[in-house]
Every structure is written in C-alpha cells, then in structure tokens.
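Protein sequence lines correspond, in order, to chains Y and B.
For the first sequence, position 136 matches number 136 in this note's numbering, and the numbering has no gaps at all.
For the second sequence, position 379 matches number 379 in this note's numbering, and the numbering has no gaps at all.
Among these hints, one or two may not hold up.
On the chain Y side, residues computed to face chain B include the following (Cβ under 10 Å) [as the list claims (entries may be wrong)]:
#1 Thr22
#2 Ile26
#3 Met29
#4 Ile39
#5 Leu77
#6 Ser91
#7 Leu94
#8 Ile210
#9 Gly214
#10 Gly228
#11 Asn252
#12 Ser275
#13 Trp279
#14 Phe367
#15 Thr370
#16 Asn378
Hint data in this document are derived by calculation from the structure and do not stem from the laboratory.
Remember, predicted model here, so these are calculated numbers, not experimental data.
Just so it is clear, CB atoms sit at the ideal spot from N, CA and C, and this is done for glycine as well.
Number of protein chains: 2
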Amino acid sequence: MQILNYSPTWQIKNKLRMYESTIDEILKMHLPDDVLPEINRLLYGRKIKKLDLPDWKNNYNLERQGWILNSTIEEQLRPKRIVRVGLIQHSIVLPTTDPIENQKNAIHNKIKEYIDYAATCKVNIICLQEAWPMPFAFCTREKYPWCEFAEDAENGPTTLLLSKLAKEYNMVIISPILERDSANGDTLWNTSVIINIDGKIIGKHRKNHIPRVGDFNESTYYMEGNTGHPVFDTCYGRIAVNICYGRHHPLNWLMFGLNGAEIVFNPSATVGNLSEPLWPIEARCAAIANNYFTCAINRVGTEIFPNKFTSGDGKPSHHDFGQFYGSSYITAPDGTRTPGLSRSNDGLLIADLDLNLCRQAKDLWGFRMTQRLDMYANELAKFV
Amino acid sequence: MQILNYSPTWQIKNKLRMYESTIDEILKMHLPDDVLPEINRLLYGRKIKKLDLPDWKNNYNLERQGWILNSTIEEQLRPKRIVRVGLIQHSIVLPTTDPIENQKNAIHNKIKEYIDYAATCKVNIICLQEAWPMPFAFCTREKYPWCEFAEDAENGPTTLLLSKLAKEYNMVIISPILERDSANGDTLWNTSVIINIDGKIIGKHRKNHIPRVGDFNESTYYMEGNTGHPVFDTCYGRIAVNICYGRHHPLNWLMFGLNGAEIVFNPSATVGNLSEPLWPIEARCAAIANNYFTCAINRVGTEIFPNKFTSGDGKPSHHDFGQFYGSSYITAPDGTRTPGLSRSNDGLLIADLDLNLCRQAKDLWGFRMTQRLDMYANELAKFV
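Based on the sequences and whatever the hints tell you, model everything.
Below, the structure is given as structure tokens:
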C-alpha cells in the first residue's frame with residue numbers, strides 16, 4: 001500500500017477539508033506493531049495477503065493495491081475458482097467548463113491507460129465508478145450542457161471504446177454511464193453496461209433506487225430503473241451491479257443474491273460530509289448477509305461547476321459540493337475486507353477472489369438456509 | 001469511559017487469548033489528539049456527548065458508560081422525545097457445576113443490583129442479554145441439567161423478579177430467557193419477555209432465526225419462533241427485539257422497521273473467533289437502513305462446562321468454546337454510534353435517545369420512500 005503524504009492537521013484547500021490519509025495509513029503510522037494486527041482483525045476480519053503488481057511508470061498519481069481474498073478450505077470436489085477483479089476510482093481530468101467532448105475524451109484517455117495497465121496485471125473483470133466519463137453534475141440541476149454526456153448504451157463512444165478493450169484483453173468490463181434511451185422517448189437512465197470478453201454487450205442494469213438527499217436530487221435527470229435484478233453469467237463468474245444509492249437498500253442487495261450473484265459491484269459517487277461514516281458499513285454488511293463478494297467504488301476529487309448552486313442546507317451558494325472520498329474496497333462473503341483506496345487520489349484496487357468462498361460461507365453460517373423466505377414473502381405481500 | 005488495564009501483548013489465560021482492551025481504548029491511547037476526532041468520525045459518525053452518571057460504590061467490576069444520541073434539528077411542531085435506555089452485558093456468577101437454582105439466583109442477585117443502579121440513573125427501558133439468567137450451555141448438546149433453566153414466560157421466577165422491579169422503577173424491561181411453553185407440549189423457545197412499567201407483560205417475541213454454526217447448534221434446544229415481528233407500543237416508544245442470530249438477517253430487521261419500531265434491541269451471545277469482526281457491522285447497518293435505533297448486547301466472559309464437548313472444527317474436545325466479547329453498543333438512525341462496552345467485563349451502557357431522530361433520518365435520506373416495496377414483494381413472491 002502506497003503511503004500518501006500525511007499531515008497531522010488537515011489541509012485546508014479550496015475552502016474544503018482535504019483528508020490526505022486513509023484510516024489504514026493513520027493506524028499503521030501510529031499503532032505499535034504488536035497491536036496493529038488485532039485492530040486490523042477487529043476492523044477487517046481475517047488477515048489477507050498482498051498481491052504483487054507489476055511496476056508501472058506513468059504520469060498519473062495512481063495508487064495501486066493488490067490483495068488476495070482466498071478461501072481457507074481445501075475442498076476435495078471443486079478446484080479453486082479464482083477471478084481477478086479490478087476497481088478503478090478516479091477524478092475528472094479537465095475543467096467542467098471545457099467542451100463536453102474534450103472533457104469526455106480526456107477521461108477516456110486516462111481510463112484507457114489504467115485499463116491497459118490492468119491488463120498487464122491480468123485482470124479478468126474490471127468495474128468503473130458511477131457515471132465515470134463525466135463530472136457528477138447532477139448537483140447543478142441544470143439540464144444543459146450536462147445531459148449531453150448521456151450516451152447510447154449499445155453504440156455510444158464509451159461503449160465502443162470499452163468493447164475494443166474488452167475484446168483485446170479478454171476482460172469483462174462494467175461501465176456505469178448516463179444512458180440516453182433514444183428509442184424510448186429519449187428517456188435518461190443511470191445504467192451499467194456489462195461488456196463481455198468478445199466485446200459484445202451481455203446486458204445492462206439500470207439503477208433501481210434514486211437518491212433525493214443533499215445535493216443528489218438525481219430524479220431531476222433520470223428515473224427508477226426498469227431492469228429488475230439481473231445477474232450476468234460471465235466466463236469469470238456470476239456478476240451483478242448495485243448502483244450507488246442502491247447500497248442503502250438491503251432488499252436490492254438481497255435480490256441480486258437470490259438471483260445467484262457471486263460478485264456484486266457497487267459503483268458510486270458520494271461525498272464525505274454526507275456518507276463517509278456509512279461507507280464501510282453497507283456494502284460490507286451486504287457481503288456478509290448474502291455471502292457474496294461486494295466491490296464498492298467511489299470517485300475522488302472535488303468537481304467545480306461554472307454556475308453557483310445551493311445545496312438545500314441554508315448555506316451560501318457555491319461552485320462545488322465537497323470531496324468525493326474514494327476509499328473503494330472489496331469485502332469477501334465471510335466479511336473479510338481489503339483496506340480502502342486513497343481518499344483523494346486515483347486508485348486501482350486489484351484482488352484475487354476465490355468464488356468458492358461464497359458457498360463455503362453459506363455452509364459455515366447458514367444464513368440462506370435459515371432465511372425463512374416464505375415467511376417474509378407473505379409478510380411483505382400483506383404489508384404492501 | 002473506563003480505561004481497562006491494557007497490555008500491549010495479549011494475555012494468555014486459561015489457554016484463551018483474553019483481549020483486555022477495546023478498539024476505542026487502544027485508539028485513544030495511541031493516536032495524537034488532533035487525529036483521533038477524524039478517526040472517530042470515520043468509525044462512528046458525528047461526535048456525541050457523554051451523559052454523566054451518578055457514582056456507584058459496588059463490589060462488581062462494572063463498566064459504566066453514558067452517551068447522548070441527540071437529534072441535530074430543532075423541530076418546530078414536535079418537542080424532543082428523549083428516552084433513556086440501558087443495556088446490560090454480564091458474565092455468569094457461579095460455576096456451571098453448582099446447583100441450577102443457585103446459579104440462577106446468583107445471576108438474579110447481581111442483575112437486580114445493576115437494575116437498582118440503572119433506576120438511580122433514571123433509565124426508562126432496560127434490555128438484558130440473550131438467555132441472561134443462565135450459562136449459554138447450548139454448545140454442550142446435553143439436555144440436562146441445562147433444560148432446567150427454561151422457565152415459564154408469564155410466571156417463572158425471572159419474570160416475577162423483573163415485574164417487581166419494572167413496577168417499582170417505572171421501567172420497561174426486556175428479558176430474554178429460555179422459555180418453557182408447558183401449555184404447548186413443553187416446547188422450548190428462545191424468548192424475549194417485554195414487561196411494562198406496571199409490572200405486567202406487554203407481550204413476548206420468540207427468536208425467528210436459529211443458528212447452526214460453530215458451537216451454536218441451538219435447534220437442538222428450541223425451534224424457530226412463531227410470533228412474527230411484533231412491535232410493542234410502550235409509554236417510552238415503540239420497541240422490538242431481534243434476538244441474536246436474527247441480526248444476520250436483513251429481512252428480520254426490515255419487518256420490525258415496517259411494523260413501526262423506533263428502537264430494536266438485539267440481545268446476543270457470541271464469541272470472538274466466530275463473529276467479532278462482524279459485530280460492529282450488522283446492527284449498525286440495520287439502524288442505517290431502517291432509520292431506527294439499534295441496541296446490540298453481547299454477554300462477556302468464558303463459560304466452562306463440566307463435560308468436554310467438540311466444536312465440529314477438528315480440534316480436541318474442551319470445556320469451553322471461547323470468550324464472549326461483550327462490546328455492546330448503540331447506533332442512531334443516522335448511523336452515529338456509541339463506543340462499545342468492555343470486551344471482558346460486565347458493563348452498563350446508558351444513552352439518551354431522541355426518538356424524533358428516526359423521522360428526521362427518514363426525511364434526510366428517504367430510504368423508506370425510495371424503497372419500492374411493491375417491486376420486492378412481487379419479486380420475493382415469485383422467487384418463493
């Protein structure tokens with residue numbers, strides 16, 4: 001793990017508190033060596049090993065972490081089923097005042113380099129953050145120019161770029177974008193496109209739950225998803241996507257599990273003042289409750305918009321609404337988790353997941369077996 | 001917060017690793033003063049104030065913590081609705097080889113003193129740990145003498161003792177016991193009895209989900225509860241009880257919330273090797289997802305049984321199965337939580353909860369409103 005510059009008093013920058021260090025870095029710096037392992041156990045579960053990553057010379061300040069989320073049981077009848085996943089968290093590149101196409105191309109170019117590097121790391125499945133090729137402009141409540149970032153899920157420039165990379169690298173790529181559904185009255189959706197190793201789209205999932213909290217009044221832009229809870233059966237495992245605010249909804253996580261997911265990705269965009277203390281809880285709890293892997297991804301950086309806007313909190317209007325705190329992490333089906341990526345820098349988190357751990361965790365804990373789903377189906381039906 | 005003896009290398013005692021300090025104590029000891037607040041924010045949410053508790057001279061090594069989980073909004077149309085809750089975590093008193101009645105009486109006597117003290121603290125609602133008047137003997141798989149701890153929920157000695165105290169102190173008391181249901185073929189249940197301020201029973205709840213994990217093969221002793229998800233409307237607020245293993249089941253938490261609970265107590269009994277890294281996650285996630293208070297209580301100490309038993313882990317038979325790690329804590333509907341009680345000592349956690357915070361958190365986050373319950377009722381019905 002790369003140790004970032006750590007200043008014991010928080011830096012004040014652009015009138016924002018910029019947290020330069022993660023909790024892991026701070027604990028590592030201050031706790032005695034004989035105490036740290038027990039604190040890590042309490043915070044993160046069993047000890048996991050690092051995964052060595054190849055060197056990479058680049059012009060970006062990209063943090064890279066590699067971890068092995070192995071299973072602890074040697075099964076007799078099943079070989080281990082290891083899949084290497086990659087999560088990318090990143091900032092935007094150009095000012096939000098630049099031409100839309102330039103902004104998008106600049107992000108495309110950066111992420112292409114990250115994916116090129118992930119390919120040298122032999123990553124099988126990579127997931128990008130929510131609405132990755134654009135600034136998270138939904139705070140502005142302005143339709144233009146931001147709606148111009150919306151793209152066709154099947155043939156838009158972002159899908160075309162990633163299809164090429166997916167095919168070239170034998171990678172499954174999950175690409176969360178703002179979708180323009182031209183065939184359906186130009187409806188916009190918050191959509192994750194799942195691209196297979198042949199470069200073709202396996203399917204897409206549209207965000208089920210829309211936030212109306214703080215700056216995120218996203219129902220201004222798009223509607224509740226109409227794709228249910230699909231699980232995509234790829235050559236690397238059965239995967240699903242719970243987009244951002246859906247992580248607050250245990251039923252959303254549940255249905256992906258019931259439908260057979262082994263890994264659920266949670267591409268997000270959320271800022272420190274709103275949700276940072278909740279961030280380590282929800283995706284991790286979902287992994288525990290449903291005995292699958294969860295991969296939580298959050299963007300980084302502070303995005304400054306040309307026109308001032310208010311945040312419904314009585315404070316003066318402003319050009320930004322705070323820092324996306326990154327901190328992307330992965331949790332195993334037994335609750336063991338990786339440290340988080342940086343709170344302020346681009347990052348790539350790569351991990352080997354043994355998918356057999358899903359069933360092993362089910363066998364150990366028995367949550368699925370003791371779930372009494374018929375009782376709840378009845379109670380929910382009555383309640384509704 | 002009382003600082004326990006802290007030894008940087010873990011004590012080895014009775015062949016068990018005894019953890020003498022909580023994570024809070026360790027962080028407080030080692031982190032610089034200008035770093036600790038930010039770490040506490042990341043781990044626990046917004047800063048909360050301490051609640052002063054009256055002195056108490058006693059023969060027990062009882063840790064006492066007091067906290068104020070206030071709301072941050074001054075509503076115009078509703079006065080604050082503060083309820084003071086108390087959680088008691090404790091060890092057994094006498095060896096498990098002593099006569100059953102003596103064992104139970106010794107625990108009764110200790111807990112009576114704790115409740116007497118809680119009354120001087122003006123506690124409104126108190127909750128005890130799972131199967132509180134007995135050792136957690138379910139690991140042995142022996143029916144006798146342990147089944148003799150089972151009691152009539154309405155007229156057993158434990159209910160009679162607590163009814164008297166509830167009436168005397170105007171307290172609502174939640175008493176989790178092993179219930180003997182003589183009128184129903186001597187069925188045993190894992191039951192929480194809810195006693196009102198007049199000393200009468202408001203109702204009871206029987207544990208919905210039964211663990212079959214590690215040493216906890218509890219279906220040997222009792223069956224899945226048949227009481228659904230009752231919420232009890234007391235003069236201090238609407239309360240419910242999610243017993244132990246039910247905390248791993250998001251649907252269990254959900255139904256208590258849908259039925260109107262403002263506080264859900266989670267009396268538990270769980271040991272370090274099995275669940276300690278999960279303990280801070282699940283009850284806290286439930287508070288966040290359902291916008292109510294959760295109160296998680298775990299017993300403390302190592303219980304040694306007369307006959308050796310095995311734990312299904314290939315290890316030699318033994319007289320105990322590890323340390324109950326206490327660490328009881330409360331989470332507010334916005335995710336803010338108290339520190340945990342001791343990992344090894346008896347403890348009383350008292351907190352003022354402003355129940356208005358439930359609705360305020362709903363208004364802020366909108367989880368209930370964006371829940372799409374009809375969709376899930378349909379999907380679950382189809383799945384079942």
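Hint check:
1. Thr22: Since chain B brings a Cβ to about 9 Å from Y:Thr22, closer than 10 Å, the hint holds.
2. Ile26: With a minimum Cβ separation of about 6 Å from chain B (threshold 10 Å), the hint on Y:Ile26 holds.
3. Met29: 9 Å, holds
4. Ile39: This interface hint holds because 6 Å falls under the 10 Å limit.
5. Leu77: 19 Å, violated
6. Ser91: 21 Å, violated
7. Leu94: This hint is violated: Y:Leu94 lies away from chain B, its Cβ roughly 31 Å from the closest one there, beyond 10 Å.
8. Ile210: 6 Å, holds
9. Gly214: Check passed: Cβ of Y:Gly214 comes within 8 Å of chain B, closer than 10 Å.
10. Gly228: OK, holds: Y:Gly228 within 10 Å of chain B, min 7 Å.
11. Asn252: With Cβ-Cβ at 8 Å, under 10 Å, it holds.
12. Ser275: 9 Å, holds
13. Trp279: 9 Å, holds
14. Phe367: At 5 Å from the nearest chain B Cβ, Y:Phe367 passes the 10 Å test, so the hint holds.
15. Thr370: With Cβ-Cβ at 5 Å, under 10 Å, it holds.
16. Asn378: At 8 Å from the nearest chain B Cβ, Y:Asn378 passes the 10 Å test, so the hint holds.
Violation of the numbered hints given earlier is confined to hints 5, 6, 7; the remaining hints are satisfied by the structure.
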